[in-house]
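There are 2 protein chains.
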Amino acid sequence: MKFTITRSTFIKTLNDVSRAITSKTTIPILTGLKMVLSDSGLVLTGSDADISIEARIDANAETNDLQIESTGSIVLPARFFNEIVKRLPEATMTVDVQDNFQTLITSGSSEFTINGLDANNYPRLPEIVNPDPLTIPADVLKQLINQTVIAVSTQESRPILTGVHLVIEAGQLIAVATDSHRLAQRTLELPAAKDAHYDVIIPGKSLTELSRTLTDDIDDVEIRFAENQVLFVAGQTSFYSRLLEGNYPDTSRLIPTTSTTRIEFDAPALLAAIQRASLLSHESSNNVVRLNLDTAAQTATIYGNSPDVGNVEEALSFNRLEGEALEISFNPDYMKDALQGFGQTAIEIAFTAPLRPFTLVPSEDHEHFIQLITPVRTF
Amino acid sequence: MKFTITRSTFIKTLNDVSRAITSKTTIPILTGLKMVLSDSGLVLTGSDADISIEARIDANAETNDLQIESTGSIVLPARFFNEIVKRLPEATMTVDVQDNFQTLITSGSSEFTINGLDANNYPRLPEIVNPDPLTIPADVLKQLINQTVIAVSTQESRPILTGVHLVIEAGQLIAVATDSHRLAQRTLELPAAKDAHYDVIIPGKSLTELSRTLTDDIDDVEIRFAENQVLFVAGQTSFYSRLLEGNYPDTSRLIPTTSTTRIEFDAPALLAAIQRASLLSHESSNNVVRLNLDTAAQTATIYGNSPDVGNVEEALSFNRLEGEALEISFNPDYMKDALQGFGQTAIEIAFTAPLRPFTLVPSEDHEHFIQLITPVRTF
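Protein chains in written order, with the UniProt record's numbering: chain A, 1 to 379; chain B, 1 to 379.
Some hints here could point you the wrong way.
DEER-style ranges, computed between Cβ atoms [to be verified]:
| id | chain 1 | residue 1 | chain 2 | residue 2 | range |
| --- | --- | --- | --- | --- | --- |
| 1 | A | 90 | B | 83 | 21 to 29 Å |
| 2 | A | 8 | B | 101 | 52 to 60 Å |
| 3 | A | 218 | B | 109 | 54 to 62 Å |
Non-contacting residues of chain B with respect to chain A, defined by C-beta distances greater than 12 Å in every case (computed) [to be verified]:
| id | residue |
| --- | --- |
| 4 | 67 |
| 5 | 84 |
| 6 | 355 |
Derived by calculation from the structure, the hints in this document are not laboratory data. Please read these numbers as outputs of a predicted model, since none were measured by experiment. We put the beta carbon where it would ideally sit given N, CA and C, even for glycine.
The shape of chain A in the complex, shown without the other chains:
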């Protein structure tokens, strides 16, 4: 295997694939980067066993400037190869696999010889031949991920809750995550997929990593499901993730359908006030802030307190407040995560009782995005 390529082109693809490679793996060959060169192009693969990323550099795309001298394959130590490629002196570089998988990397007068491994020993990626992929705009998928993945559990005690539950049915995609203290649910209308039916749980970590690969130059993402894998194809990059096995709890009955107190805020203003209040709650043992809604006086006040440091009190500005007066306490970090998912919009928070979960929805659309937070008992 021998090729010459523009270094900047190669680095871009190398960066995409390197996201999947970790030095913490227990499978030594996975600390390597796999390269397979055929007449049609160069394919790079990185994997940590949970996530695998494969990216192609097309030989026929002139901008790639890939000159193939001989085809073949190799696995090179990823961390070094990355550092070497980034520090080479010239704009192009040549990679040349020699005897015993020794690989010569040259650029200008600089010449590296690196010990490689046989690519035949690298784990194979699953073949996912589902003929009927879903297609979702990349920015919508990225938003959906960022809005739901905040609520996945980080604790391995209930592994199923570390994933996002995706149900595709009757032309709708519903994504739900909950760590049992809070829940995030996002719904997409997919009229083109009205006959599709899937029910899968994707690890939150995989989705977070996928979301990072979805840069602004990507328009659409194709999603293909197989037995225990999901494949996201975006441009020349294929992103594989394993699925979580098991039954996700039924979350539909958790979302309250009635409310006794409702308040409308601009999400960014409320977020800033919550961040201030949490400066003090973070110093106290229970990390709780208190919200007082006085519907008669039309005031909303937030309180944070730390016995050691001091306290904070802030009159919140809101757009509308109606229903019964209420005092409720909650973890401000859950509120911050939820508010960040709403961006610059106005939101409605609906309460039923001081100890019942409350919901946040965009004022303009109560149906497609909902965040639910369980309050904290403080007495």
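Based on these hints, arrange chain B on the given structure of chain A.
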């Protein structure tokens, strides 16, 4: 004590002073920020016992927009106070010390009450009344620090070597640092200080921190020495550091005066090649690169090697090579540190023998800046 101020003005000064404050101190009150308000202005102080920084906000400077309602003093928990001030909602803020050192911080509808401490319990800064300060341009001082501090020892086994030795005599300032493997020496001509005589050792850490406070808007720095302290005054900021006690070793005889091989490089090109070679040497147990100078063939070649990963070989481009042929091995990290101090200039490296220290000087000025590196025996 009560004052109102533009938040952005206050934050700038707060950031300067906060550099000296650490949560790792064993003296609890030093985790706090001291504020003293008099009719002439507000003085903020932070300290970690080794370094103290004091900065003034002048009441008479209109741009500061400092409105004083009553004078006084307080110590507030620095980390919180910082976070609070940065997150307040409005452009101005009011600080109001009440009974029992409780301090009210208000901005818009946000109201923090923070437990403060009596400023009388804060350690006093030394009074340094030396009537005859040295004045050095801030950019020259910053360069001098960055060129020498790289060579200070990081090991506490010989505490004296963790400092930079400063000798001011006969209108010259000589700064030297060495960790016994390498040495950096910078000389400044100070004709205005021809009668001054000082011989002090300033902790490297203090100088690194001082260098960070020397932003581009500062023209000159005034330096005052006292018994066991040095004070740097830059604009409205006073930077105090303790001095190291003891005798610094005589370093003048370490610098060779003759050479058998000389080579001239452009510093940035050599730095890039050394960085490439060190990618592999860092993986080997002894972290050494080898330089071969063939004066007959007029070639300079650098080699790096790691038994596990591979090796690198690079023909270096140079401006001039003369004298005897030589092969020498050295720690590439020392070379990198040294080269970074030279910036974009051409440098001359002079060697005497494979096991004797070699020197780096700017091609244009061999007298005022010299780096010395001890090679490594590899056989």
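Tested hints:
1. A/90 - B/83: 21 to 29 Å: Given range 21 to 29 Å: violated, Cβ gap about 47 Å.
2. A/8 - B/101: 52 to 60 Å: The hinted range 52 to 60 Å holds for residue 8 of chain A and residue 101 of chain B, with Cβ atoms some 59 Å apart.
3. A/218 - B/109: 54 to 62 Å: violated (43 Å)
4. 67: For residue 67 of chain B, whose nearest Cβ neighbour in chain A is about 23 Å away, the distance exceeds 12 Å, so it holds.
5. 84: Not fine: 6 Å to the nearest Cβ puts residue 84 of chain B too close to chain A.
6. 355: holds (28 Å)
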